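Participant: Going line by line, the protein sequences match chains L and A.
My numbering puts the first sequence at residues 1 to 328.
My numbering puts the second sequence at residues 329 to 614.
Everything labelled a hint here was simulated from the structure, so no lab data went into it.
Please note that a few of the clues may not be correct.
Heads up, incomplete: computed chain A residues facing chain L, CB under 10 Å, no partners named [stated by the list, open to error]:
1. Arg351
2. Met355
3. Leu438
Residues from chain A that face chain L, not an exhaustive set, calculated with beta carbons under 8 Å [what the hints assert, rightly or not]:
4. Asp348
5. Thr352
6. Arg359
7. Arg366
8. Met437
Just so we're clear, the structure is a prediction, and the values are computed from it rather than from any experiment.
A virtual CB, placed ideally from N, CA and C, is assigned to each residue, including glycine.
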Amino acid sequence: MVAGGGASVIEVRDLTRRFGEFTAVDRISFDVCEGEVFAFLGPNGAGKSTTINMLCTLARPTAGEVRVAGFDVAAQPKAVRRNIGLVFQEQTLDDRLTAQENLRFHAVLYRVPSGEVDERIARVLELVDLSDRRYDLVSEFSGGMARRLEIARALMHVPRVLFLDEPTIGLDPQTRALMWEDVLRLREESNVTVFLTTHYMDEAEYADRIAIIDRGKIVALDTPEALKAAVGADTVDLGTTDDVVAIAALERDGYRVEAVAGGARVFVENGENAVAALIETVGVPVLNVHVHQPTLDDVFLHYTGREIREAHAEVIPARMRAWAGRRH
Amino acid sequence: MSSAALPSKITDDSDTVLRDEVRTTGMVWLRELIRFERTRTRILSGLIQPVLFLVVMGYGMSGLVGTTAGFDFKKFMFPGIMAMSVVTTAIFSGMSIVWDREFGFLREMLVAPTSRASLALGKTAGGASVAAMQGTIMLVLAPLIGVHLTAVLVLEIIGLELLMAIAMTAFGVFVATHIERMEGFQVVMQMLLFPMIFLSGALFPLNKLPGWLSFLTHINPLTYAVAPLRQVVFATQHMPPAAQKRFPASVELFGHTLSIGIEIAIVVVFAGIFIALAIRGFSRTE
């Protein structure tokens, strides 16, 4: 059991996936709680997609065990699929069909009882704010609208877990923000668990918990706040008329200080709240103040020793993707 | 594990499973029809090639072949051209899986908790319906060619077109499941579709071919699908014996003239084989 207190809806134990000599996912274990937004953060090629594919029954684990919604992904793939909603990196809508027709198609394939289909279509379209586009062809949709429709579609069969693989890839920042509003709202309204992968730091911030994955291993797993706290304290840089006097005054009062170019750097628990006290302490006029709180970028750098690359679509050779896919 | 105890909504008794699979097949079928109806330009462009063949080759060859007892080459070609239209559309529809893959929708189908057989059957049924419709549209040209139509003949034609279309759509699905890329599609069309049409008797009589070519026509499933179509059309036309001799409609096998029943049976067998292959191919696709 993990933070959050709810029951585990995803249970991963020693999950491993190898492609020949290459180990894409290396004995990872974690739990995701019911109702949680859980982010898998890592650079391209870290093993995010391979992991999500195994969780969704689209790739077979080389070793280890995964249970989703109580079902074993290897032994009961169909039961798992009925309980999960999937949104892939690439678009998987039929753009010659209307929004409603795409949803109806999905409803039938996922065994939504015929009597409930219309009601659910209305409901999921409302959730992603596309009710007025119900009868429009998907070919007329923008990228952001299409992505929201895919999320709506994934919710048609009331899944326990919604999997989003790089959900905002290829979307402009404004659309990304809107999409996040949708995801957080639908979590509120339908209490669905959300599992997503991303290589955008700012997106991971929306998650309740983040697993940082690098080279097939989970290097850190915690809430965004805890991860940042683990990296270290806030820093406050002070530029003064006399830095030597300022540093001496701060040290006298017990602050941890070091001299940096253009002033004094103070390490404190909460930078923003400490500013007033610091200015009073230095005793000389303060020219400028800069407060820095650790970001997820710092966290990533801290755990992996590298900066995350802001790259676009994950480039996995088609052959390797085919290899990763499982046969039924 | 804690979550295993949670109630599950899934019911798996065989009755509902079968009903759900049939619904799936119906939905995939319906999608093909909706897409067909929405792509009017495709319907139109699907008409151009057969019309071109009929007009250019029909008129061109008519001059060369001449008229036998009032029966000319265009009338001979007409059922063949209809068949060509059906077969082209059928294979195209079956192979549209390649497009589905390219544009991602195939993935939506493949990850669904449904049987692959239902998907393959729906795709086949949908493509076949579309192909039979496309072939039936050709009937508007009948008066121009001087082919006499009756209600019974139209029904016979539609029935035979459907059978032919089912076999060839399933064939298309099967081939498409073995193609990863769009380029492969062109290759298949060039290497399979055109030879199959040319060696089916759709465009010229097969009775005077050299042995090796004759062998190829006899292993071509289309040969047995084109012949019945021609037979039912010819049966309704006024055809003097001289014309019947000049333009034979049936398939000769080992010195015997096959009856229409046998020909249809052969197509049914081919259809069965292709459907089985299509389901197998679809089941192995990822």
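Participant: Compare the structure with each hint and give your call.
Facilitator: Hint check:
1. Arg351: Holds, about 5 Å.
2. Met355: Hint on methionine 355 of chain A: holds, closest Cβ of chain L at ~4 Å, below 10 Å.
3. Leu438: holds, 8 Å
4. Asp348: This hint holds: aspartate 348 of chain A lies near chain L, its Cβ roughly 5 Å from the closest one there, short of 8 Å.
5. Thr352: holds, 6 Å
6. Arg359: holds, 6 Å
7. Arg366: Holds - the Cβ of arginine 366 of chain A comes within 8 Å of chain L, reaching about 5 Å at its closest.
8. Met437: Nearest chain L Cβ about 7 Å off; hint holds.
When the structure is compared with the earlier hints, no violation turns up for any of them.
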